[in-house]
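In order, the protein sequence lines correspond to chains A and B.
Using the numbering used here, the letters of the first sequence correspond one by one to residues 564 to 981.
Using the numbering used here, the letters of the second sequence correspond one by one to residues 6 to 116.
Calculated directly from the structure, the hints in this document are not laboratory data.
There's no promise every hint is true.
What the hints assert, rightly or not - Residues from chain B shown here face chain A by an in silico Cβ test under 10 Å; the list is partial:
1) Gln27
2) Leu35
3) Ala40
4) Gln41
5) Leu44
6) Lys47
7) Asn49
8) Gly68
9) Pro69
Because the structure is a prediction, the values reported are computed rather than measured.
Note that the Cβ used here is the ideal one computed from N, Cα and C, for glycine as well.
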Amino acid sequence: MKSADEKLNHVLPQLFRLEYTKMTAVLCRHFGLKQLEIAEDIVSETFLKATETWNSKGLPENPTAWLYTVAKNKTKDYLKRTSIFENRVKEAINEDAFQPASDFDFSKETITDSQLAMIFAVCSPANSKEAQICLALQILCGFSVDEIAAAFLSNAETIKKRLLRARTALRKNYFEISQLEKPAVTARLDTVLRTLYLLFNEGYFSKFNNQLIRKDLCSEAMRLTLLLTENPLTDSRQADALLALMCYQSSRFHARSDDTGETILYDQQDKTLWNQELIERGHHYLVNACSGEQISKYHLEAGIAYWHTTTTAPDKWQHIFDLYNQLILIEYSPMTALNRTFAFAKVYGTEVAIKEAENLGLEKNSYYHALLGYLYSETAVQKAIFHYQQAISLTKSKAEKRTLSRAITSLERSIPSI
Amino acid sequence: MKEFVLIFRLNNQTELKTTPEQIQERMNWLAGIAAQNKLADKGNTLSNESAKTVHADNVVTDGPYTEIKEFISGYVIVKTETIDEAVELAKANPIFKMGGNIEVREILQRK
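Working from the sequences, and respecting the hints, build out all of it.
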C-alpha cells in the first residue's frame, strides 16, 4: 500500500506542473481573460478532487485524461449555474464579455493554441517587464508564489502584490485571447520574445542556488519558444535566433556547475559534458534564423553562443569580439559591456583590455571587479586580489563568493612567501 | 547629460580606400564608446561621391564642400557630462593616423 502512496506523491506534483497551466490556458481561452480566476478555480478544484479520489481509490489508468474529464464536467456545471444568472440578469446589465460557448476540448492542438494565446495575453504592455515575467512564471509555467520569490531573490509578499496588480491590469486590458490574430501577434511579438529571453536568463544566470528550479525555468522558456516557432502565425527569424541561443546555452548546463552548485568557469569546463544534441539543434535554428534579412540582438547573441561551442577555431575570439561590438551598438547593457571587454582581452591582450575595462564606469558591479581581478592576475597580483575582494563584497550569491575566494586563494599561493 | 556631435574631417588628398584593419579599428572605437554607455547615436558615414554643394544664385558644384581642402566624412553623437569628456573619447579615434581631424560641438536642442 505504501508504494501506491509513494507513487501518488510522486505523480501528483509532476502532473500539477505539467497540466495545471495547460488546463488553465484552455479554459481561459474559453472564458476570456477577464475570467482568469474562474479558470484557475476550476483547475484547482479539479486537482483537489484528484487528490481526494486518488488517495482513496488509487491512481486511475490515465490520470491526465481523468483530469481533463473532471475539469470539463466542472466547467459545464459552472456554466449551467451561471447561465441561470446570465439569462435573468444579462439583459438588464448588458454585460457583453461573457459568452458560454457550447463545447471545447483538451486536444493537443487546443492546448497548444491556448498556451500560445496565453503567452501573448500575459505579455501585455500594461505591465512592467518584471510583472510580465512573474505572470508568465505563474500562469504559463505553473510556479508557486514561493518559487517565483526564490527565483527573483524576493519575498513572497512582494511577489504576491506584484502578481495581484499585474492581474488587475491584465483584466482591464481587454485582450482578446480566444483567437490569436496577426495584428496582435505583430504588435506583441517583441515583448513576448523579450519575456521568454529574460525567463531563460533568469534560470541560466540567476544567483538562485536551486538547480532544479533553474533548470525548470530554462526548459519552460525553451518549450514556450518552441511553441512560437512551430506556429506559422508566430514563427519569426527572431524566434529562431532566440531558440538557437537557448539551445547553445543550455548545452553547457551540466558542465557549468559542479555537484555543490558551484560555478565552473568556461575555460575549466569538461567539454565532453556539453550536450552535442542541443548544439546541433542550435545549428538548425541558427540556420533558419539567418534565412531572413534582419539581424536582431538574438541573432548576435546566438552567434556568440555558437562560437562558444567551438573549441578549436583559431579566430574564435575575434569573431566573438566582433559580434559583441555589434551587440553593444544595438543595445547597451553592463553585462554586454563586460563580456565585450573579456573578448577584447582574448584578442588584444590583457594590458589594453585593462584600460578598456577601467573606462566602463561600473565600479558598483561585482562582475566588473571580477573581470579586473582576472585581467590583473598575470601582471599585478595585489591589484587582482583587491578587485576580487571588491567583487566578493558586492555579490549576493554564495556560490559566486566561493568561486571568487578560490581565485584569491590560488593567487595568494602564487605570491612568493614574504 | 549633454550630447555632442563629433564631426570627422579628412584632407581631400587622403587615400579613401579603407583596409579591413582600419574598419576594425573604427568599429572598436565606436563599440568602446557604446560600452561606456556614452553613445547617443552611432551616426553615419557621409558619401563622397553622391555629394553636391549648393551655393547662392542656384550655383551647384559637384562633391562635398572642400574650400578648406578638407571634407566632412561622417559624424557620431556621444552623450557625456562635459565637452572635455567628449574630447577624450574623440582622441582615441584612429582618424588621426590618416591626417584627419574631429570637431566636437555640443548639440543645442531646438525648442
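Status of each hint after checking the structure:
1. Gln27: Since the shortest Cβ distance to chain A is 15 Å, the answer is violated.
2. Leu35: Constraint on Leu35 (chain B) satisfied, holds at 7 Å.
3. Ala40: Where the cut-off is 10 Å and the nearest Cβ of chain A is about 4 Å from Ala40 (chain B), the hint holds.
4. Gln41: holds, 5 Å
5. Leu44: holds, 7 Å
6. Lys47: Because about 6 Å separates Lys47 (chain B) from the closest Cβ in chain A, which is inside the 10 Å limit, the hint holds.
7. Asn49: violated, 13 Å
8. Gly68: violated, 30 Å
9. Pro69: violated, 26 Å
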